[in-house]
Structure formats: C-alpha cells, structure tokens
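Just remember that the numbering used here sits 12 ahead of the position in the sequence shown, which is counted from 1.
The set of hints was computed from the structure by calculation and includes no laboratory data. Some clues are possibly wrong.
[Said to hold, decoys possible] The calculated lysine-lysine pairs, modelled on DSS-like cross-linking and capped at a C-alpha distance of 27 Å, are: (1) 27 with 129; (2) 360 with 376; (3) 129 with 253; (4) 14 with 27; (5) 304 with 373; (6) 15 with 27.
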Amino acid sequence: MKKDEYLNKLSQGLKQYDQAYIQEILDDYEEHFQDALAQGQSEEDICRELGDPQDLIREIREMMDVPSGTHEVGRPVIELDKDVNPSAKFPKRAYKGHQYQKQPDSDSQAFGHALKKVRFYADSADIRLIPSADGEFYVYTEDEDEMDNLEHNCHDDTYEGRVCRSSGSFFGLDILHSFIGGPVDTVIMVIPEGIEDIRIETISGDISAENIQSELLSLTTLSGDISLQGIQNEGTFINTKSGDIRMHHLSTQHCEIKTLSGDVSCKNISVDKLVCNSISGDVGCNRLVLRKEGLVKTISGDVAIKMTPGQKPFCVFATSVSGRVRIRDGIRMDSHDFQPASGTDYSKLTLNTISGEILVKQAKDKEKKNK
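Using the sequences and the hints, build the whole thing.
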C-alpha cells in the first residue's frame, strides 16, 4: 500500500464526521509521510509501520463517538437547547422576588435559597466563574447595559441561566453569532462554596474558572478556550472540539479531558485518576502528581509529561506506532508486566499515540535548583 491509498482509506472511513477536523488528522499524517520519506523510508514501509488503516479508523471512531466509561464519577452531559422560542422555558429577568433579590447597588441577580446546582448556556459569550466573597451566588454581565439579555430560571435547588436569543433564533444564527458576536460579551458568575454541581456550555465563547470549590465541574465548548486555575473538587470534566485547554493548580479526585484538535496544557495538577483523549492536539503536563492512575491517548498529538519530584514511584506503559518514545524516569513496563509486584505501591501512567511523540520525565526539583 502507498501513501495516497492509505490516506484515501482514512478519508473514506471517516467521511461521516466534521471534515474540518478530519482534514487536520489527514494533514498530520501527510506531514508524517513527508518526514519519513525525507529520512529514506519508502511509502510501503511507512504504511506497514502505521498499521492497518481500519484499525486507525476504529480508534478515531471510538474517540469521536464514545465517552470514556473508566471513571467512577458520572460524567455530566449538557445538550444545547435548539428551541425556536426558548423564552417559554427561560423568562427574561425572571424570579426577582423571594428567589432572586435585586441588589440595590448593582445590576446583578442574587439567589436566596440553598443552591446546589448551577447550569448556564451561551453561544458566543465568554463565561467567567469567580469565588463569592459574601457566600452569595450572583450572575451579571460585564457591561451592565447587557443585563436584559440574560434569562434565568430556578427550580428546587437548581439555577439555570442563559444568554437570551431573539424569538426568530435558530441554530444557524448560533453559528453566525460565533463569528460576529452575540447580545452579551461576558457573563460573570460569582460562585459560593457548597455548590455540588456546576455545568457550563458555550458554542464559541471562552470559559474560565478561578479558585472555585465544588463537587463537580463540567465545562463544554465547541471552539472556545477553557482556562482553570485554583480548582479543588471531586470531579472535573472538560470537553472542547477545537478550543485549547489550560489548567493551573488543580486538585481533584477525577479529571477527564476530551478534545479533538485543541492543545492541552497543565501545570501543578494533583489527581487520583486522569483521563485525557485528544485527536490531533498536543498534551503537555508539567509537575503532575498522580496518586493512582492516568491514561493519555492521542492520534497524532505529542504527549509530554513531567512528574512532580518526591511522589511515590510510578510505572509507565507508553506506546507510539511511529513516533519516538522517551522515558527518562519511572519504570518502563511492557503490557504483560504492567501490574506492579505484590506489595509495591505504584502509580500507573498509560500513554498511547499513533504518530505523536511521547516524553515522560521528572520535573526539576525547585529546592535543589534554588540551592
């Protein structure tokens, strides 16, 4: 088999998916062929090295279609509401009475009950989550003139909000808003401690969360970027198609990240279990503390993991079909030897990629560096 036939089989086997993302995958493999050809390999040798294209198609389909079932915490799922007239569900500026109290000195809405769950939906608006200084929950826009474009609803212990749409809105207009902007630029949500479940979803808007403490945090966007800093919770779930993901100072029991082409950048992350799936985006993590096990899986993205010095020993199972694999620290194990010896307490790190490169090593010890 030669290059054109191999790439054509990939293209035909993935034609039911968004072709913009599939083209990124094909471009990555085209680049891989060119690099290998420049090193003297034949097209036939490269195809044999990459393996059966049907196996690769199966891998990509699994990553595109099937959410990971490995975690113990149920992954929150949010579906965008495409109703022609959503106002029936989300009355504009509703619940100003005993459930929402208009603050005398600000154009925001405060929630007055025992709030446990937060849901917010937006198209092109950016969403910022910040901690509450007074223990109350507020939602407001950065530009106070845009407050009338927010819709609120609450039932039992759940708040639902969204950026309103015109009565003639339809999904095509949502996509248009992602390019020209919508009725709200930035929504700020002030989050008190004690919230159990936070789920935010946008189409193209960026999402950021800083110093938020909750049980579960789920952030989803199509093309916006996601940024987290100072997060402490039981479960963090991040999902993008093309947006980049940045995480700094995260402490959680379970972290699950899924992206098609966005890059993932993490620093000072402490987790029991980590699951990260990427198609073509690179995955980099500096100063990772892995208490139990981690799985990082890409198709063509590179993987670079720097473990925090001083943590318990870890074993690494790393495979790349055509990319270089470098393990500088830890214990490299074959699949049949992956389970550590009885009585030995290891963290387990599994890294899989088709054509990306893999690097695992320990980060530099800051104390030794400063001496």
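Residue 14 and residue 27: Cα distance at most 27 Å?
-> This hinted pair holds, its Cα atoms lying about 20 Å apart.
Is the straight-line distance between the alpha-carbon of residue 15 and that of residue 27 27 Å or less?
-> Distance of about 18 Å is within 27 Å: holds.
For the pair we were handed, residue 27 and residue 129, check the Cα-Cα distance against 27 Å.
-> violated (39 Å)
With a cut-off of 27 Å on the C-alpha distance, tell me whether residue 360 and residue 376 pass.
-> holds (21 Å)
Within a Cα-Cα threshold of 27 Å, do residue 304 and residue 373 meet the stated pairing?
-> holds (17 Å)
Residue 129 paired with residue 253 [C-alpha distance capped at 27 Å] | holds (25 Å)
Consistency note: the structure conflicts with earlier hint 1 alone.
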